[in-house]
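Asker: Taken in order, these protein sequences are the chains called A and B.
Numbering of the first sequence is given in the working numbering, commencing with residue 1 and proceeding in unit increments.
Numbering of the second sequence is given in the working numbering, commencing with residue 816 and proceeding in unit increments.
The hints are simulated quantities; they were obtained by calculation from the structure and are not laboratory data.
One should not assume that every hint holds.
To be verified - Straight-line distance between alpha carbons at most 30 angstroms, and here's what the computed DSS-like set of lysine-lysine pairs gives:
1) A:Lys572 - A:Lys741
2) A:Lys690 - A:Lys572
3) B:Lys1505 - A:Lys741
4) A:Lys741 - B:Lys1387
5) B:Lys1505 - B:Lys1387
6) B:Lys1556 - A:Lys572
7) B:Lys1133 - A:Lys741
8) B:Lys1556 - A:Lys690
9) A:Lys572 - B:Lys1387
10) B:Lys1556 - B:Lys1387
To be verified - Residues on chain B that point at chain A, a partial pick, calculated with CB under 10 angstroms:
11) Gly936
12) Ser991
13) Leu1022
14) Leu1023
15) Ala1185
16) Glu1186
17) Trp1230
18) Pro1377
19) Ala1548
20) Ile1595
A virtual CB, placed ideally from N, CA and C, is assigned to each residue, including glycine.
2 protein chains.
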Amino acid sequence: MAIDLATVDAWWRAANYLSVGQIYLLDDARLARLLTRDDIKPRLLGHWGTSPALNLVYAHLNRVLVERGTPTIYVCGPGHGGPAMVANTWLEGTYSELFPRVTLDAPGMARLFRQFSFPGGIPSHAAPETPGSINEGGELGYSLMHAYGAALDNPDLVVACVIGDGEAETGPLAASWRAHAFLSPVTDGAVLPILNLNGYKIANPTLLARIPEEELAAFFLGQGYAPIFVTGGFDGEDPMRVHERMADALDAAYDAIRDIQQAARSGGSDASSVSGSDASDASDSPDALDATIAPDETSDPRWPLIVLRTPKGWTGPKEVDSVPVEGTFRAHQVPLAGVRDNPAHLAQLEEWLRSYRADELFDADGRPIAELSALRPDGDLRMSASPHANGGVLRSPLDLPPIEAHAVEIPDDRWVEGESTRVLGRWLRDVMAEHPTSFRLFGPDEVASNRLDDVFDATPRVWAEQLVPGDVHLAREGRVTEALSEHLMQGLLEGYLLTGRHGLITSYEAFIHIVDSMFNQHAKWLQACDDIPWRASVSSLTYLLSSHVWRQDHNGFSHQDPGFLNIVVNKKAEVVRVYLPADANSLLVTMEHCFTTVDHVNVVVAGKQPQPQWLSLAEARAHGEAGLSIWHWAGSEDDPGLDPDVVLACAGDVPTLEAMAAAQLLRERVPGLRVRFVNVVDLMRLQDSKEHPHGLTHPEFDRIFTTNRPIVFAFHGYPSLIHQLTYRRTNHANLHVRGFKEEGTTTTPFDMVHLNDLDRYRLALDVLDRVPGLLEAPGIAAVADEWRAARADARAYAYEHGEDPAWITGWRFAR
Amino acid sequence: MAIDLATVDAWWRAANYLSVGQIYLLDDARLARLLTRDDIKPRLLGHWGTSPALNLVYAHLNRVLVERGTPTIYVCGPGHGGPAMVANTWLEGTYSELFPRVTLDAPGMARLFRQFSFPGGIPSHAAPETPGSINEGGELGYSLMHAYGAALDNPDLVVACVIGDGEAETGPLAASWRAHAFLSPVTDGAVLPILNLNGYKIANPTLLARIPEEELAAFFLGQGYAPIFVTGGFDGEDPMRVHERMADALDAAYDAIRDIQQAARSGGSDASSVSGSDASDASDSPDALDATIAPDETSDPRWPLIVLRTPKGWTGPKEVDSVPVEGTFRAHQVPLAGVRDNPAHLAQLEEWLRSYRADELFDADGRPIAELSALRPDGDLRMSASPHANGGVLRSPLDLPPIEAHAVEIPDDRWVEGESTRVLGRWLRDVMAEHPTSFRLFGPDEVASNRLDDVFDATPRVWAEQLVPGDVHLAREGRVTEALSEHLMQGLLEGYLLTGRHGLITSYEAFIHIVDSMFNQHAKWLQACDDIPWRASVSSLTYLLSSHVWRQDHNGFSHQDPGFLNIVVNKKAEVVRVYLPADANSLLVTMEHCFTTVDHVNVVVAGKQPQPQWLSLAEARAHGEAGLSIWHWAGSEDDPGLDPDVVLACAGDVPTLEAMAAAQLLRERVPGLRVRFVNVVDLMRLQDSKEHPHGLTHPEFDRIFTTNRPIVFAFHGYPSLIHQLTYRRTNHANLHVRGFKEEGTTTTPFDMVHLNDLDRYRLALDVLDRVPGLLEAPGIAAVADEWRAARADARAYAYEHGEDPAWITGWRFAR
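Use the sequences and the hints to build the structure in full.
Answerer: And the structure:
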């Protein structure tokens, strides 16, 4: 069905009218009468500048959808694009379906206008509240990565992504252009980037709008695209001319996408055989791929991209108070600021609104005229109603394989070593094999380094660029995505999760700070969704932070930072969870739990180095359930009827090892001392149950930590975080926390804990210092001297020999 | 003086030999005898892969420096480039000058080898410890922005910046390519980017190495460069051929830089007149620039850039255990891992080391042969000895203009409104006018929005791209830099500061989280410098965070986040400072102080909205000196001999306003109640003097906050931060903190504080709740009811009318 471009123009005018109405008006007005001061909002807070181009794209995409039926979602990158996106979703009817008070008639239009950027109303960006949105337009830079994440494993979907030229200056966006390197034209959908060059940010021109067009074309060729340029609307150009160009451009783009996909999919048996053969060949042999890659498979499809150059604030006031506005940075926010108090501005607003000829677009009851229905796709094909953009409705829970098959056997003497992340990797392999279209793993070139490489037995890394002989675990289709950009990895995963799928991101602990702000924004998104009944639950975003602060001794100070946890706990308790499993079985149990949760951010910190394993799977399950518990076998509380002399607590794998060794020192050298050994795997248990849903009540906390005995707490991160979580606890005054105190360098593993006073000797000495009277007991002062000497000796040995002494590395648990 | 390329090759071989030696050897060995197990470090921790290309660039740059005398510094982007950079600085003699124990002879070489990645030694990256470095190679992505920052206002300097193809995948690096848009060929120096495509990261190929070369060329054309390609070293190619190509490429690049600069500088009188006329014309008139911009000024210079494609780990083992290593990801770290226990590996290492023919490069005493001196530039011309790379030696303190001229007059009744950042902007204008080559302002398109636009009276924004009629405060040369990338702004400022200059970065508070990790790394850099005697002090990095959480009511939840302070306080107390000035005069005093400090990170949070001003300049100076103090005029302690009934404390401008209004409610409605009003401007005063150099001692703290009276604390950020800083204080159990609790939306300013229980009524009610017996006093329960009703009424009014009621917005301080 071919649609008349006049209808597209009518839709565009209607959306523009509704956008302006939202920014200015308290009621629907519709200009049956002259505007008065009382029609105008007291605070004018919206943003007009980006709206007309967003509306143009929406109207034209609707034409394509109606004509072609290609499922499409619309990712709105420009900040403050809210009025436009809301306007279109109202025209599509979706808004009224999801927010029944905002009916598709005059009273509904009045509510639509009033609620925008109004107390108790809706935000000024495309936000969780906006139907069809998977991208918040508040903090800029993430639209294109969200778009690519959404396209993965959705072979029939087109994700149209409008990118503002302001957003295009951000680092995360700049790192996203080549995300098609991780997209398969066979098994994934397509992304259609639409760069809107309206020329200006808040107060400045934009870079990409001020470089020669041939340079811009070269830039996109260099990013692997075939750019299509649409320029128009300047100097009063008739919009119909622009509609013609835009329609041609979108047709060409959709045709190109279809052609690329058909070509890849018809030749797809070859391509996937490469993937298959690589996937099934897990050996490191450099020649493994040699025979299976034909030269033609190294050529890339060149995806279409549209550069849409239109005036900022197009169709708005050309000038205000004799100063140019349309096509300048002055159109960014509210072009007519004095409307309530300046009659000339009010008249200009009225003229502006009338220019859209709303009386031709809405009937007497305020309903969009029938002609506009021709541009309204059916049901779920409406971009605002796409289930992909409310991914929870498409989500199926994971069918998790049993962790039992991979659990570490714990012998009777509890002495066995293992690499926690390697054990996890074997189970992850099974998870990925079970879910060949709905689970993905993302990491910044660290999947192998973090010892998760058994996943490559299930699936290789995806790579749409050149393949060469010698490539390992790399194929046209794969489900592990690695690029050296934490931003891109996180953004792809967010897009994947928000469209109803599952995944995991792994990173070095220190460098996850690179995406602090992305975490913040995603946590805010999830919190906001909690109040939006029609938003279905999505899978939690789970981080595995390995290569953590205590085992970056070889990489030095820049790689040592456990502060991400501090960022995380600032967010709403309903959303955030933090886990510090101390061994492989605890990690398995933790990850199994995380993968079943929805609407959370889970942060899991676990090391990759060989280290002692403590809990059987059954014990790990019970411990995980409890979140924190007393490990009786590790302490020395012989009489359960007595309070302990001291609580030795720990959270994190390395702190647990050091606390365990400290407990052993105390058992061996201070007989009769009643030490309670407590391990914390679910950090939020420490918080008050009134503050966090996982928190312990005060009586529960007091039962574990006592009300008056000294607590020595060995913590993975900054000590202040434990105080922050526990300052209201009964026994807080007796809590003494050791952790990272920003002492780091290139040294040995033991010297790292030594430098930060987290080592076994320091912990044991802390106990001696804190149990009243203990240091005065016979022989104890000498024990303390010995331990102090052992500390100093360990350092001297390491600085002499370049490695830790055998009495540290060879330590064995013994009861 | 022309240098023989055989000498360049000799230098390169020497640097390669020294790089391998550092990674493997405990002593100098120099192969006078066969290597034994005991020569080998017990832990092999270095990274070989990137080293040979870094050495190649170093050797060739030295040729250029000796021949041309062009001052140049070397920014080393690739991670783990430490062995290469250290090797070259030792060959230059600088290392021995700065670290006298590491002499330029055999014993020194032995120390050089042993210390690398060894306990008590040096890190594996180019780090603060590395002579000539202004960029840590740990967290990747910032090399090119550091390079551009270093080039600003150094018209004679070339900054050669090697970028790894791994680093090139990061967002921050991707956003840096076009930083020349903010560089003047007239008044700034040049950056020469050298992209080293060695093809691999830790375990993956790199994107830029796997795209067709014509696509790569298009990419750099699109970024405004004229790329020069140098490819070589593959398939056993003779390095001399590569030396020829590299020498030609560098000559071409230096020639191009000279030509661009000469052309711009000879025609420079025109160009600077544009800047001058714009700078002197502060009007908003769109036509101001029209007459002064000639069309030819809109064309850009096309800066040279070198793409150096060489094998990863070039000259290292071709194969190990029959698996290819050179030219693959396996060369990334330590190519021969089993050297201590595998005789074949040991023999292969020996063969590798001998391949450099060290006996031809070092004399019998281990000194570099005289021929190599020909490649050693003189004195400070050595890149490792450049004062620019140890910028503190070039730094002059700012000659700060008096703040008195801009201070807000405080009338007797203490009622006057002002916009703090606008007042600051006037003084900043003077600071920038006084320092036309050593102070710059950076912001992500928010300088005007943060109301600092008076600075444009002193200098426009810099913009090397097209200028068009209508541009405002934009010129070829300017000292305000704005792009919508917090990363780029921070990186440029870091580079500018580390090379001995001064500046300020301003940002919306929420979005400064985007550079959390850059802050972390810069703070770590400054901390490490504290232990390096030859590193001279550099100006502190100062953030002005405006558009803060409490005044982002119009922009919504995504713009509301005060958590950067939590990140900051995790770092070493020696480095970090946090200031929350409550009014304009306090902001002036704070900023004046920050600009005099060195080696710190200062974070200043201050709003831009009109708000009451409290302190005269003299009072603000005294308050700033004290860091926190009792504002007697704001409280109600009539008898100084008595302890107050309650302490009402505040930190931050909006919390101060609300606390002030609460104190007034209490004065008016609860006569006789002794309220102590405390304001905190220097947040770190709250910490123990043992924890932070600004901290108060316990007796000092107790004198202000009492030992037993309730404290109601209105805080700008997350309440837990105040608890984290004060949990050891005597009166902590009585401390009740209100702050941001992650409740936000698009609403009114008062509703924001209301939503988070930080509003005046809630604070006053908190006092009633906490002073023992007060609620039972006659009439007080009724007062509490009134206040609760007023809270609810305020919200109802806002939700009805879209703005706060006059009884809130019209509140006036009265005593």
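Asker: Run every hint past the structure and note whether it holds.
Answerer: For each hint, the structure was consulted:
no. : hint                  : result
1   : A:Lys572 - A:Lys741   : holds (26 angstroms)
2   : A:Lys690 - A:Lys572   : holds (13 angstroms)
3   : B:Lys1505 - A:Lys741  : holds (14 angstroms)
4   : A:Lys741 - B:Lys1387  : holds (8 angstroms)
5   : B:Lys1505 - B:Lys1387 : holds (13 angstroms)
6   : B:Lys1556 - A:Lys572  : holds (8 angstroms)
7   : B:Lys1133 - A:Lys741  : violated (43 angstroms)
8   : B:Lys1556 - A:Lys690  : holds (14 angstroms)
9   : A:Lys572 - B:Lys1387  : holds (27 angstroms)
10  : B:Lys1556 - B:Lys1387 : holds (26 angstroms)
11  : Gly936                : holds (7 angstroms)
12  : Ser991                : holds (8 angstroms)
13  : Leu1022               : holds (6 angstroms)
14  : Leu1023               : holds (9 angstroms)
15  : Ala1185               : violated (34 angstroms)
16  : Glu1186               : violated (34 angstroms)
17  : Trp1230               : violated (24 angstroms)
18  : Pro1377               : holds (9 angstroms)
19  : Ala1548               : holds (9 angstroms)
20  : Ile1595               : violated (27 angstroms)
Checked against the numbered hints above, the structure breaks hints 7, 15, 16, 17 and 20 and satisfies the rest.
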